[in-house]
Amino acid sequence: MDRAQFQNLYDDFRLGRIDRRTFLKASGLGMAAAIIAACTPGSSAAPSAAPSAAAGGEPTSADWSPPKGVDLGKTLYITTWPNYHNPRTIEIFTELTGVKVELNPLGSNEEMLAKLLIGGTGWDVLVPTNYTFETYGSKGLLEQLDTAKLPNLDLSRYDQKLLANSEYPKGSGHHYGFNKDWGTTGFTYNKKHVTKPMTSWKDFFDLAQTDYSGKVTIHDYQLTSIGNALVYYGYSFNSVDAAELAKAEELLIKVKPHLFAITSDYQPPMRAEDAWVAMTWTNDGAQLHADIPDIEYVIGSDGGEIWSDFYAVVAGTEHREAAYAFLDFMAVPKVQAFDASFHKAPLVDSAGIALQSDEVRGNKITYPDAAQLSKLEFGTAELLTNEARAEVWARFKSA
Amino acid sequence: MTRTGTGRWRSTFATVLLLLPSATWYALLLLVPLVILFVFSFGGRAPEGGYLPDFTFANYRELPTRSTAFINALWMATGGTILCLLVGFPLAYYLATRAGAGRTLLLVLVIVPFWTSFLIRTYAWLTILGNNGIPAWLDALGFGHVVLLNTPFAVLLGIVYNYLPLMVFPLYVSLERLDKRLLEASKDLGAGRWATFRQVTLPLCSAGLLSGVILVFIPIMGEYIIPALLGGGKVFFIGNALVDLFLQSRNWPFGSAAAIVLILVILAAVTVYLRVGSRGGQTREISLL
Amino acid sequence: MTVPAAAPQRAAIDRAGSWVDRGFRLQAAVLYLFLYVPIGLVVLFSFNAGDRTGELRGLSLRWYQRALEDPFAMGALQNSLIVGAWTALIATTFGTLAALALQRTSRSVRAVFDAITYVAIIIPGIVIGIATLIFFVNAFGWLNPQLAAVWSAAGLGAPPTIGTGLHTIIAAHALFTMAIVSVLVRARLAGMDRSLTEASFDLFASPFRTFVQVTLPQLRPAIITGALLAFTFSFDDYVIASFVAGPGKPTLPMYVFSSIRRGITPEINAIASMVLTVTVTMLIVVGLIYRRSSRITAAQRAAEGADAEVTAP
Numbered sequence: 001m002d003r004a005q006f007q008n009l010y011d012d013f014r015l016g017r018i019d020r021r022t023f024l025k026a027s028g029l030g031m032a033a034a035i036i037a038a039c040t041p042g043s044s045a046a047p048s049a050a051p052s053a054a055a056g057g058e059p060t061s062a063d064w065s066p067p068k069g070v071d072l073g074k075t076l077y078i079t080t081w082p083n084y085h086n087p088r089t090i091e092i093f094t095e096l097t098g099v100k101v102e103l104n105p106l107g108s109n110e111e112m113l114a115k116l117l118i119g120g121t122g123w124d125v126l127v128p129t130n131y132t133f134e135t136y137g138s139k140g141l142l143e144q145l146d147t148a149k150l151p152n153l154d155l156s157r158y159d160q161k162l163l164a165n166s167e168y169p170k171g172s173g174h175h176y177g178f179n180k181d182w183g184t185t186g187f188t189y190n191k192k193h194v195t196k197p198m199t200s201w202k203d204f205f206d207l208a209q210t211d212y213s214g215k216v217t218i219h220d221y222q223l224t225s226i227g228n229a230l231v232y233y234g235y236s237f238n239s240v241d242a243a244e245l246a247k248a249e250e251l252l253i254k255v256k257p258h259l260f261a262i263t264s265d266y267q268p269p270m271r272a273e274d275a276w277v278a279m280t281w282t283n284d285g286a287q288l289h290a291d292i293p294d295i296e297y298v299i300g301s302d303g304g305e306i307w308s309d310f311y312a313v314v315a316g317t318e319h320r321e322a323a324y325a326f327l328d329f330m331a332v333p334k335v336q337a338f339d340a341s342f343h344k345a346p347l348v349d350s351a352g353i354a355l356q357s358d359e360v361r362g363n364k365i366t367y368p369d370a371a372q373l374s375k376l377e378f379g380t381a382e383l384l385t386n387e388a389r390a391e392v393w394a395r396f397k398s399a
Numbered sequence: 001m002t003r004t005g006t007g008r009w010r011s012t013f014a015t016v017l018l019l020l021p022s023a024t025w026y027a028l029l030l031l032v033p034l035v036i037l038f039v040f041s042f043g044g045r046a047p048e049g050g051y052l053p054d055f056t057f058a059n060y061r062e063l064p065t066r067s068t069a070f071i072n073a074l075w076m077a078t079g080g081t082i083l084c085l086l087v088g089f090p091l092a093y094y095l096a097t098r099a100g101a102g103r104t105l106l107l108v109l110v111i112v113p114f115w116t117s118f119l120i121r122t123y124a125w126l127t128i129l130g131n132n133g134i135p136a137w138l139d140a141l142g143f144g145h146v147v148l149l150n151t152p153f154a155v156l157l158g159i160v161y162n163y164l165p166l167m168v169f170p171l172y173v174s175l176e177r178l179d180k181r182l183l184e185a186s187k188d189l190g191a192g193r194w195a196t197f198r199q200v201t202l203p204l205c206s207a208g209l210l211s212g213v214i215l216v217f218i219p220i221m222g223e224y225i226i227p228a229l230l231g232g233g234k235v236f237f238i239g240n241a242l243v244d245l246f247l248q249s250r251n252w253p254f255g256s257a258a259a260i261v262l263i264l265v266i267l268a269a270v271t272v273y274l275r276v277g278s279r280g281g282q283t284r285e286i287s288l289l
Numbered sequence: 001m002t003v004p005a006a007a008p009q010r011a012a013i014d015r016a017g018s019w020v021d022r023g024f025r026l027q028a029a030v031l032y033l034f035l036y037v038p039i040g041l042v043v044l045f046s047f048n049a050g051d052r053t054g055e056l057r058g059l060s061l062r063w064y065q066r067a068l069e070d071p072f073a074m075g076a077l078q079n080s081l082i083v084g085a086w087t088a089l090i091a092t093t094f095g096t097l098a099a100l101a102l103q104r105t106s107r108s109v110r111a112v113f114d115a116i117t118y119v120a121i122i123i124p125g126i127v128i129g130i131a132t133l134i135f136f137v138n139a140f141g142w143l144n145p146q147l148a149a150v151w152s153a154a155g156l157g158a159p160p161t162i163g164t165g166l167h168t169i170i171a172a173h174a175l176f177t178m179a180i181v182s183v184l185v186r187a188r189l190a191g192m193d194r195s196l197t198e199a200s201f202d203l204f205a206s207p208f209r210t211f212v213q214v215t216l217p218q219l220r221p222a223i224i225t226g227a228l229l230a231f232t233f234s235f236d237d238y239v240i241a242s243f244v245a246g247p248g249k250p251t252l253p254m255y256v257f258s259s260i261r262r263g264i265t266p267e268i269n270a271i272a273s274m275v276l277t278v279t280v281t282m283l284i285v286v287g288l289i290y291r292r293s294s295r296i297t298a299a300q301r302a303a304e305g306a307d308a309e310v311t312a313p
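If you read the sequences in order, they're chains A, B and C.
If you number the first sequence the way the numbering used here does, the last residue is 399 and the count never jumps.
If you number the second sequence the way the numbering used here does, the last residue is 289 and the count never jumps.
If you number the third sequence the way the numbering used here does, the last residue is 313 and the count never jumps.
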């Protein structure tokens, strides 16, 4: 559906002509639950040959080899998110190809876009989030995937709804990326210190101002922080309505003095127990819980975000061959499973999921129950460039 | 020594040659970028961010929305400068007048911390001010739970920590040049320590004072890393606002306007300082260092 | 000719003096503690046997080993050294030249240059960083096709492409530091004793020789200070470098900052401690050499002084 249709639906919902359920169903946002059900292990969509023990372990040259007769060059620059790649995966790639890989972690998609717009970045591979493809596509910042160079990529194994985000223009079948993983935006809390029940964004923002004042962090990221403040009031995560944004801004400003920090680097304070509650992404939540079992991850019962990150090739990159080699390497299910053993975000490629151990697939943080996802929304493309939300965020930061 | 016609021409040629490298550098890497900023500040914001050729004053009219960030920076810059002065002057005075033979070493010791990365030093403060650092001790001593990190206090501390050497150095240079005989004379004439200080020392080191204040105040106005690291996103300087405008909201025209105004304000402040400072009677050139 | 104050009054002042003295020493001690505790922590955690900065779990040298073997860290360190050295060189040379030239120019030219120098010094790092980056990208975007056209017209094969890299960092750093050097040198020139230069001319020395043998030695402290400041600033700068650096060649501060994002390990502390040790050692060596040479000159002067006393009437 295009933006106009979506807007009509959304207006209907807001004006009460249709109820939330219908809206979610019609807009496809509620499909999130269905998708995830398909992606979640144990469903019928998964391939039948699923060994119970992990067919994991380190990928070797038997699993993947670089394309023959292609000069891959010496270096590759990957711009990505923090704590998102198994260092060993990168090392193995270097061992197999001789290409030195440089990981460049950034803080937000906005920052990624800003640097790409300025130009001259020298980046080769990008890990953009689902809602950015519209903008990247229209500005010609990404290269359409050359599937001839990606023999290990089988798009049919990927959930089509998640994959569709990388299509530009919509419905054209031209893909500009393939999924690395997906996840949700929820929050973590340290149950050693947090005794009151916290299940929703209402709890999150309310308790931040009272019991856990000075111990809570939110993302330094307008999409999720404003989004979840909107959810607090029962509005859509993606709202750009002026009145709703004003209320969200009001809430955020009210909460600000009670925050420990506004940061997307919340792992250090959570680990040091400087913070007890943090707005968190799935993969960080899983990592924290694995190291510190007292830290629990919660998907807000009143809503939130579901997202997917992709691998993409930057347009006009100098190291195109190496970029495609890397993408092909990461398309191998065994490599995905191995990578995921570190970053702990759920995978999209059904073959990759099949290779993960029962323990991993049973991890409720990584692979939550479909029921928890029913209220979550994908971020919409316009949020990346929407001036109103950017201004709200800037005003909030300056307040 | 007189100069003939060709001699004068050659002399001018030599002057131009000496000046050319710096002049070209400044032109290319300072003036041109500033002109670009200036042009951008009158432009519009492209829908996905960036610059759209246009001519409007809207960006300058919008500037008051960032006034809080600006005032935060001003506040901290002033406070930080005063603190650096209060803390740094006694040290500089001690080194210049009393420390004797060891003073070069001690002076160097002030600047040695500069040779660890500024980021690492600031990060070390995160540990000290974090939950397992000083607050833990304060808790043990019975002061209850004190939050030190991500507060204006932490940012101020970081500022003083990082800019203290820049205050101590010019003060030291200026105090060191002080003719000790003047102090002796003052003492011999029966003036107490405080009187001597007020009427002899202070006026004579005004150049150093001025330099120190300027060297500390100006960079703090443009600072963004210390508030980002030690302020946890809760302390927002105009520097942070600029970074946000260019790297997050990608509103280049607005960012350019803010940047230009910031530069003008700092320029004005410096001019005022220098005028006021050299009002003290000395007509010699005040050097920045 | 002094007028001595009454003895008891003087003694009182001196006695109060020793208390004040102690106060000063205490204050200095506290200040040095304040300055060095974080440094101490950095060094301490570099020996951490555990995995994170902030939790000491025994002592070990493994992070030093890791640091020395880490090609990215060592590469970043090397880049910082290269950038710092070039910045210091360019800034010192051009800044000194400019200072000398400004002595000989008219008042208006001096005023213009003063203004430009001030702007260069006061402009916040992020403003000049962003502005310079935009300039570079556009300039290179224009330049590279021209180069390509020229190269293909001349049939020289693959044309060079200019992008951001260490050279752009050096260019940006040199701007600010050049201004500082010129200010330092000008201040020194202003306070310099003209009679020596005049004497040199009176003795028919050429301008060049005068410069080398009379002016330059007197400027040496300012030039050396300038070079040191330029290097220090460049080595420690994160803001400007983060904007104008090229891909794949980060400076040390850039590497440290991205480590903070990646999860800071004691490896960074190890690197910082190593840099610190090297600089402190260098300082000690320089200090010792200086002390030795000044002792020698002092001894020489004492000897000459003794002779002079003998020969003076």
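If you are wondering where the hints come from, they were derived from the structure by calculation, not from laboratory data.
Heads up, some of the hints might be wrong.
Straight-line C-alpha distance at most 25 Å; calculated BS3-like pairs for lysine-lysine [stated by the list, open to error]: (1) K234(B) / K202(A); (2) K254(A) / K180(B); (3) K256(A) / K180(B); (4) K74(A) / K191(A); (5) K74(A) / K249(C); (6) K100(A) / K249(C); (7) K100(A) / K161(A); (8) K115(A) / K249(C); (9) K247(A) / K234(B).
Each hint, compared with the structure:
Between K234(B) and K202(A), the direct Cα distance comes to roughly 22 Å. Compliance with the 25 Å bound is thereby established for this hinted pair. A C-alpha spacing of about 58 Å is found between K254(A) and K180(B), which places the hinted pair above 25 Å, so the restraint is violated. Taken as a hint, the K256(A) and K180(B) pair is broken in the structure, with Cα atoms around 54 Å apart against an allowance of 25 Å. For the proposed pair K74(A) and K191(A), the alpha carbon gap of about 47 Å is over 25 Å, so the pair is violated.
The hinted pair formed by K74(A) and K249(C) meets the criterion: a straight-line CA distance of about 14 Å does not exceed 25 Å. Among the hinted pairs, K100(A) with K249(C) is consistent with the structure: their alpha-carbon atoms are about 13 Å apart, no more than 25 Å. Taking the CA atoms of K100(A) and K161(A), the gap is near 34 Å; set against the 25 Å cutoff, the hint is violated. For the hint linking K115(A) to K249(C), the alpha-carbon distance of about 17 Å falls within 25 Å, and the restraint holds.
About 20 Å separates the Cα atoms of K247(A) and K234(B), which keeps this hinted pair within 25 Å; it holds.
Of the numbered hints stated above, those contradicted by the structure are hints 2, 3, 4, 7, listed in ascending order.
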